[in-house]
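Enquirer: In order, the protein sequence lines correspond to chains C and U.
Here the first sequence is numbered in my numbering, starting from 1 and rising by one per residue.
Here the second sequence is numbered in my numbering, starting from 1 and rising by one per residue.
One thing to keep in mind: the hints can contain errors.
If several chains are the same, the list does not tell them apart, and a pair holds so long as it fits within one copy or across any two.
Said to hold, decoys possible - With a straight-line Cα cutoff of 27 Å, these simulated DSS-like cross-link-like pairs (lysine-lysine) come out:
hint, residue 1, residue 2
1, K2, K126
2, K81, K137
3, K81, K126
4, K235, K47
5, K96, K203
6, K251, K47
I should point out that these hints are in silico values taken from the structure, not numbers from a laboratory.
The residues making up each chain are set out below.
Number of protein chains: 2
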Amino acid sequence: MKISVIGLGLIGGSFAKDLGSQINVDVYGVDNNADHCLQAMEMGLVKNILSLEQALETSDVLIAAVPVDALEHLTLSLMDKMGDHQLIIDTGSTKKLICNAVENHAKRGRFVAAHPLAGTEFSGPKAALKGLFQNKKNIICEREKTDDDAMQTAIKIFESMGMHNIFMSPEEHDKHMAYVSHLSHVSSFMLGMTVLDIEQDEKQIFNLAGTGFASTVRLAKSNPKTWSAIFDRNKENLLPALDQYILWLEKFKIAMADGDRSQMEKYMTEANDIRRVLDK
Amino acid sequence: MKISVIGLGLIGGSFAKDLGSQINVDVYGVDNNADHCLQAMEMGLVKNILSLEQALETSDVLIAAVPVDALEHLTLSLMDKMGDHQLIIDTGSTKKLICNAVENHAKRGRFVAAHPLAGTEFSGPKAALKGLFQNKKNIICEREKTDDDAMQTAIKIFESMGMHNIFMSPEEHDKHMAYVSHLSHVSSFMLGMTVLDIEQDEKQIFNLAGTGFASTVRLAKSNPKTWSAIFDRNKENLLPALDQYILWLEKFKIAMADGDRSQMEKYMTEANDIRRVLDK
């Protein structure tokens, strides 16, 4: 099987690493960043660098792992030229806009809308990790709109990398992601901002970070362009989530200002319930 | 050396584990929770359980690892009865109130105000971890108010457990902790609250948590009583920190609502600077 990965960042690069090590799979790379292409070749991430046209000519499967704001344009232009037996898998972090964009395309059946729930706070080909997707969840949207053979191939690819597939609508996906992923990123970015803003003594931030700060602020290291695109495309869900978060912080602040320890404990005890949910 | 650990929770229990394995150190335990005493004996955390009076009679060193709201009363009552060669080490997460409370005591020189920056989101004797303090920072306040021999003994104890000591005033300690530790906890507790409040579908929270949420919400599993006491005692510093945090979240929300990606990216790029500070 010949697979082209378009976008050789953290996600695309990690796909290339996992797939390239499999028997009878050739992985090619496409990226409009020349440095990324060079790095991917030097690292042996891909067998060769291709142009988009070359990738379309030679590939059975195209995997789009570009920033979400470049996704529709890329996907539609590929679908316009695709053959009847090729397929394109999208791996982006928001799903409603891309699913709407391809909805009425003649080749809709050759498109798979997916979102592997894996990542780190790093970016670029050098951030690629073998096994990044092992035992991770992968959300597939609008399964019924993809041709059976294309879906079977996509699922074979995901399963060969150790992913567990979950199926939901693009609307559900974007709503859940606003709470469980995107809000965490906003919370972490602004926590980093607050501490950098007020703690003028960087040596103390560094010295004292072994106190929970390092884990809560980890996501603040993430790529701003990647995330501004995601936030912007999911603001319909993320804005109300952020409002709710600010409201809870305000409520907690009032309890603290009032010296109302039992109210603070009541809130924290409710929050403790996350342990039961996550540590099943 | 005979050491009594008062309060056999995560911190006290971990002290007992590390010190109890050393040659020529006998570790005793004091705890007003009978279950904790039983668990500590069953786990072999301590050589024996003592009453406070027995601990005072037999120990060279007393380590107070009780919740911060019980600390002053305990410490002062011990200092009233202590001999001239005994010493008491406090390990609490806020330092100004305890330092003020002991300031004019006749035995001030036998008191060491410390805060080892280590912990997990778990609590009780079963949460005790051997090596918890290895390579961790330990803040010591008002070093000059402790007798030299007492400070030397305390430092020997901390270093034997692999801690690196930092010295600062109680005011500096509490201010830095508000930003670098306490705010992270509030942020995480309320993130957990927000997600639990809105995501009625717990299975989805669990399924989708591999998206940054698990690390940002980890601290929301922490003990409510421990943290309400810490927040309450440091609210002078924590309230303005929380205000700043809410302000940044509001600013970010406005940029997002306006679809102003370049402003969002500007904030996130500034927040990225935390990478340079933390990953030295």
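Enquirer: A separate judgement is required for each hint: does it hold in the structure or not?
Expert: Quick rundown of the hints versus the structure:
{"no.": "1", "hint": "K2 with K126", "result": "within (23 Å within a copy, 53 Å between copies)"}
{"no.": "2", "hint": "K81 with K137", "result": "neither (31 Å within a copy, 60 Å between copies)"}
{"no.": "3", "hint": "K81 with K126", "result": "neither (31 Å within a copy, 62 Å between copies)"}
{"no.": "4", "hint": "K235 with K47", "result": "neither (38 Å within a copy, 58 Å between copies)"}
{"no.": "5", "hint": "K96 with K203", "result": "between (44 Å within a copy, 21 Å between copies)"}
{"no.": "6", "hint": "K251 with K47", "result": "neither (55 Å within a copy, 45 Å between copies)"}
In this structure, the hints that do not hold are numbers 2, 3, 4 and 6, in rising order.
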